[in-house]
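Undergrad: These are the residues of each chain, in order.
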Amino acid sequence: NAGVTQTPKFRILKIGQSMTLQCTQDMNHNYMYWYRQDPGMGLKLIYYSVGAGITDKGEVPNGYNVSRSTTEDFPLRLELAAPSQTSVYFCASSTNRVREQYFGPGTRLTVT
Amino acid sequence: EDQVTQSPEALRLQEGESSSLNCSYTVSGLRGLFWYRQDPGKGPEFLFTLYSAGEEKEKERLKATLTKKESFLHITAPKPEDSATYLCAVQGPNTGNQFYFGTGTSLTVIP
Chain A
-5 NAGVTQTPKF RILKIGQSMT LQCTQDMNHN YMYWYRQDPG MGLKLIYYSV
45 GAGITDKGEV PNGYNVSRST TEDFPLRLEL AAPSQTSVYF CASSTNRVRE
95 QYFGPGTRLT VT
Chain B
118 EDQVTQSPEA LRLQEGESSS LNCSYTVSGL RGLFWYRQDP GKGPEFLFTL
168 YSAGEEKEKE RLKATLTKKE SFLHITAPKP EDSATYLCAV QGPNTGNQFY
218 FGTGTSLTVI P
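Chains as they are written, first to last, in this note's numbering: chain A, -5 to 106; chain B, 118 to 228.
Possibly wrong hints are sitting among the right ones.
Ranges between beta-carbon positions, derived for each pair [as the list claims (entries may be wrong)]: (1) Ser12(A) <-> Ser137(B): 26 to 32 Å; (2) Lys186(B) <-> Val54(A): 25 to 31 Å; (3) Gly10(A) <-> Glu134(B): 29 to 35 Å; (4) Glu173(B) <-> Gly10(A): 50 to 56 Å; (5) Lys186(B) <-> Gly45(A): 30 to 36 Å; (6) Asp32(A) <-> Glu177(B): 26 to 32 Å.
Stretches of chain B that chain A covers, calculated by requiring three or more beta carbons in the stretch to come under 8 Å of a beta carbon on chain A [unchecked claim]: (7) 138 to 145; (8) 154 to 161.
Hints were generated in silico from the structure; no laboratory data involved. Glycine included, each C-beta is placed from N, C-alpha and C at the ideal position.
Between the sequences and the hints, there should be enough to build the whole structure, so can you do that?
TA: What follows is the structure in structure tokens.
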């Protein structure tokens, strides 16, 4: 099993550009999550999904969108990138909401 | 508001010098407390889940314990490869599907 994979590993965006961060898991997990991690801050939940076709906002959803058309994939869309979105983004999955989450390797995004 | 606080922020230990990391929380009706290890430039790696006060879990040199207000990650005779940031996360009935993460403890074990 590859677990949770994320692409790209690194990306530099100009202000106002858009991009999609890809996340795929091969563990057949229903629950998937997107977090951002900033220096000195805990992981903050952006969006999550409890199954294909079902998504919901987390703690910091502004400026982001998600979709979940399959169990395996959970892309995160950034529209009109802003410097405040400079961060490391992690995707995670779990079997259910009270079980451990498995994290991908992360995407380091810089918006300048 | 649910809060998770980890201490200390950073800890330097000599190889073999045992110590403990603390995670205190204010979540009412805890549903789960999770410990993760994060190496630089990588995603968090799951270590333990604790569900109720009094529960303990062990893995190699690590032992996690849970009370009604806090959890400890005890590190016995650490080795340099134990150097990492250790993250604590909690979930309660008011957090919905969300986990709340602490800011972590950065552990450095010196040979």
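Undergrad: All hints are to be evaluated individually against the structure, with a verdict given for each.
TA: Outcome of the hint check:
1. Ser12(A) <-> Ser137(B): 26 to 32 Å: For Ser137(B) against Ser12(A), whose Cβ atoms are near 46 Å apart, the range 26 to 32 Å is violated.
2. Lys186(B) <-> Val54(A): 25 to 31 Å: Between Lys186(B) and Val54(A), where Cβ atoms are some 27 Å apart, the hint holds.
3. Gly10(A) <-> Glu134(B): 29 to 35 Å: 51 Å, violated
4. Glu173(B) <-> Gly10(A): 50 to 56 Å: 52 Å, holds
5. Lys186(B) <-> Gly45(A): 30 to 36 Å: This hint holds: roughly 34 Å between Cβ atoms.
6. Asp32(A) <-> Glu177(B): 26 to 32 Å: Roughly 31 Å apart at Cβ, these two residues keep to the hinted range, so it holds.
7. 138 to 145: Violated - the segment 138 to 145 of chain B has 0 residues with a Cβ nearer than 8 Å to chain A, which falls short of three.
8. 154 to 161: With 4 residues close enough to chain A, the hint holds.
Checked against the numbered hints above, the structure breaks hints 1, 3, 7 and satisfies the rest.
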